[in-house]
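There are 2 protein chains.
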Amino acid sequence: MPTIVVDVMPKAELLDPQGKAVSGALQRLGHAGFGDVRIGKRFELTVETADEQTLAAVRTIAEEILSNSVIEDVVGIEVVE
Amino acid sequence: MPTIVVDVMPKAELLDPQGKAVSGALQRLGHAGFGDVRIGKRFELTVETADEQTLAAVRTIAEEILSNSVIEDVVGIEVVE
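As you go down the protein sequences, you meet chains A and B in turn.
Under my numbering, read the first sequence as residues 1 to 81, first letter to last.
Under my numbering, read the second sequence as residues 1 to 81, first letter to last.
Mixed in with the good hints, there may be bad ones.
Which copy? The list can't say, so a pair holds if one copy fits it or any two copies do.
Said to hold, decoys possible - List of simulated lysine to aspartate or glutamate pairs, EDC-like, C-alpha gap at most 20 Å: (1) K20 <-> E48; (2) K20 <-> E52; (3) K11 <-> E63; (4) K20 <-> E64; (5) K41 <-> E63; (6) K41 <-> D51; (7) K11 <-> E48; (8) K11 <-> D51; (9) K41 <-> E52; (10) K20 <-> E63; (11) K11 <-> E72; (12) K20 <-> D51; (13) K11 <-> D36; (14) K11 <-> E52.
None of these hints come from the bench; they were simulated from the model.
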């Protein structure tokens with residue numbers, strides 16, 4: 001069965017405390033050359049068929065169920081297998 | 001500044017209760033044709049340059065800091081901008 005990946009990230013203008021924590025850890029551990037770190041969610045949905053109708057349904061699901069449109073953006077929907 | 005995306009997913013053999021919850025919600029909301037749902041993390045790292053040295057450092061960071069190798073796998077490292 002094909003897999004559709006949905007990527008959800010916090011809205012760019014929002015503070016990302018977890019990201020800040022990771023970014024700080026990278027500095028303390030001596031990893032130079034790194035700026036901001038932002039952390040979001042990656043959903044892998046197994047589907048029977050990856051046709052247009054399913055992709056349209058996934059777009060709706062991504063917006064309405066997998067993300068909170070107030071604080072997050074759906075940044076990618078991709079058939080991977 | 002370029003961005004490197006690191007994708008981390010729970011190991012395939014592990015139970016994913018959050019994924020099961022989403023999968024159940026999709027059924028209840030009448031979305032047919034969907035099987036398993038697995039939920040992982042997506043990291044966006046802003047870097048000064050996306051050269052080979054930085055990519056090697058990101059691989060190490062992904063394995064040692066961004067994921068827990070006991071329960072998670074790094075499934076993708078990609079320069080996106």
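Copy assignment of K11 with E52, given that the CA separation must stay at most 20 Å: For K11 and E52, neither the intra-copy (27 Å) nor the inter-copy (29 Å) Cα distance is at most 20 Å.
Homo-oligomer pair classification [D36, K11; C-alpha up to 20 Å]: within (14 Å within a copy, 27 Å between copies)
Status of D51 relative to K20 across identical chains (alpha carbons, at most 20 Å): neither (39 Å within a copy, 23 Å between copies)
Same-copy or cross-copy closeness of K11 to E63 [CA-CA at most 20 Å]: within (13 Å within a copy, 26 Å between copies)
Alpha-carbon proximity between K41 and E52, which holds within one copy, between copies, both or neither at 20 Å: Classified as neither; 23 Å inside a copy, 26 Å across copies.
Within, between, both or neither, where K20 and E64 count as close if Cα-Cα is 20 Å or less: between (27 Å within a copy, 17 Å between copies)
Same-copy or cross-copy closeness of K41 to E63 [CA-CA at most 20 Å]: both (13 Å within a copy, 18 Å between copies)
Homomeric proximity label, K41 with D51: Cα distance no greater than 20 Å: Classified as neither: same-chain Cα gap 24 Å, cross-chain 26 Å, threshold 20 Å.
Identical-chain pair category, K20 with E63, by Cα at 20 Å: between (26 Å within a copy, 19 Å between copies)
Within, between, both or neither: K11, E72 at alpha-carbon 20 Å: The answer is within: 5 Å in one copy meets 20 Å, while 25 Å across copies does not.
Intra- versus inter-copy proximity for E48 and K20 (alpha-carbon distance at most 20 Å): Between copies only: 17 Å across chains, 39 Å inside a chain, cut-off 20 Å.
K11 and E48: within-copy, between-copy, both or neither at 20 Å Cα: Result: close neither inside a copy nor across copies, 31 Å intra and 22 Å inter.
Comparing the model with each numbered hint stated earlier shows that hints 2, 6, 7, 8, 9, 12, 14 do not hold.
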